[in-house]
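Participant: Sequence:
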Amino acid sequence: MRTRTCFATIASGNYLAYARVLRDSVSRHMPEAAFRLLIVDRRTAALDSELAETGLSATYAEQLGLPDFELIAYKFDVVELNTALKPSFLKQLFTEGYEQVVYLDPDIQVLAPPEPVLAALHDCEIVLTPHALRPVMDGKRPSDIDFLRGGTFNLGFVGLRAGANARAFLDWWERRCLALGFNDATFGVFVDQKWVDLAPSYFDSVRVLRHPGCNVAYWNLHERTLERSASGYTANGQTLSFFHFSGVDALRPERLSRHQNRHVPPLDPIVSELVQNYCAALLAAGHERYRGNAYGYAVLDDGSPISPLMRRASGCSDLDVSRPFAADSQFQRELRARGLAQTAAAPAPQGDNTLTFDAGDKRVRTVNSLVRLLARIAGAQRVALLLRYATFLSWGSNLPAVLLRRPPDLGHHE
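Residue numbers (full-length UniProt numbering): 1 to 414.
No lab work stands behind these hints: they were computed from the structure.
Just so it is clear, the structure is predicted and the values come from calculations on it, not from any experiment.
Idealized CB from N, CA, C, for every residue including glycine.
One should not assume that every hint holds.
[Said to hold, decoys possible] Using C-beta positions, here's what the derived DEER-type ranges look like: (1) Pro67 <-> Arg43: 14 to 20 Å; (2) Gly55 <-> Val299: 28 to 34 Å; (3) Arg388 <-> Ala119: 45 to 51 Å; (4) Ser27 <-> Thr366: 49 to 55 Å.
Please construct the entire structure, taking both the sequences and the accompanying hints into account.
Facilitator: Set out below in structure tokens:
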């Protein structure tokens, strides 16, 4: 008899150790459930061989049958693409006959049968977990502002049961993610996650699961007391079903997450135990081997790197982007002619965000000096308007459009 429930995750080739640890934890606590992996990477013989060694049941992203998949793979970076394909993958699993699909990010570990999730799916078709159940006002991060930017719900988990509401939700979510699944919280979008703030308003049969033992992570540890129990761990006295190790570095087990500054070493003893055990499991699963796997959609067919600006340029409406990864295409030739092409000598900035900007950084001080100079010359009000327009240009394909002498998208169209 075919299993009714499928657990699913999505990863690129450098995250195979994470997928293995998650798969093993699901198999340990839910042996009757299926486990499926979507590989978001260019297919190679080497990656095929590694997948065969892991025993993971995997589907390549290109096998989802999406129209214009090469363009989708080009316009999104690795994180955006992994998340943008989530609704499409979940839809495919339902077409294969599963009645319940539980998506978990690859950096999650199941620590006990997720009974609260399965119970909720008996009554509802869509189950979500909020980042936090009560505010924390300590001035550290993540804060309420971070949740407003990134989304109320953490989409490292979503539970779905086959039905009209789940189908309607997935159809809508898929369309939004494939068109606008960018990491750009300044403009109100954050990959697949921010969209789902709208789900409880748009769709029936949505359950907001407030169980303290589900999707425990750095963003809600301020409200959850973790303890050992006879069978594992508890959170606020209830079974800890799965922990989300977002931002954990397997080679730095003394740290919780690089995405926050609330929980610093020395960690709570139980949190420290969980993190150290998880890091050890990653290393045993081959993390140091797999983490060096290069992302196949990071380069053109001649090996040239693709910058974020080059990816966003694919949104300019009148360009021929039928061969986006072809270095000899008209599209790529125009990017080079306008100075948008990435070179190894001038790498694209990575990791700059409001957590990493430093007021003492020489570059920050230099820009601040230029802003003050411009304000003295042109006036503060004109500079404020200029900076607002510059913010607008940073959205989507607007800056590439201007550099390519095309009109920017003033209407914020899909």
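Participant: Determine for every hint whether it applies to the structure shown.
Facilitator: Here's how the hints hold up against the structure:
1. Pro67 <-> Arg43: 14 to 20 Å: holds, 19 Å
2. Gly55 <-> Val299: 28 to 34 Å: holds, 29 Å
3. Arg388 <-> Ala119: 45 to 51 Å: Given a distance of about 49 Å, which is inside 45 to 51 Å, the answer is holds.
4. Ser27 <-> Thr366: 49 to 55 Å: holds, 54 Å
The structure agrees with every numbered hint stated previously.
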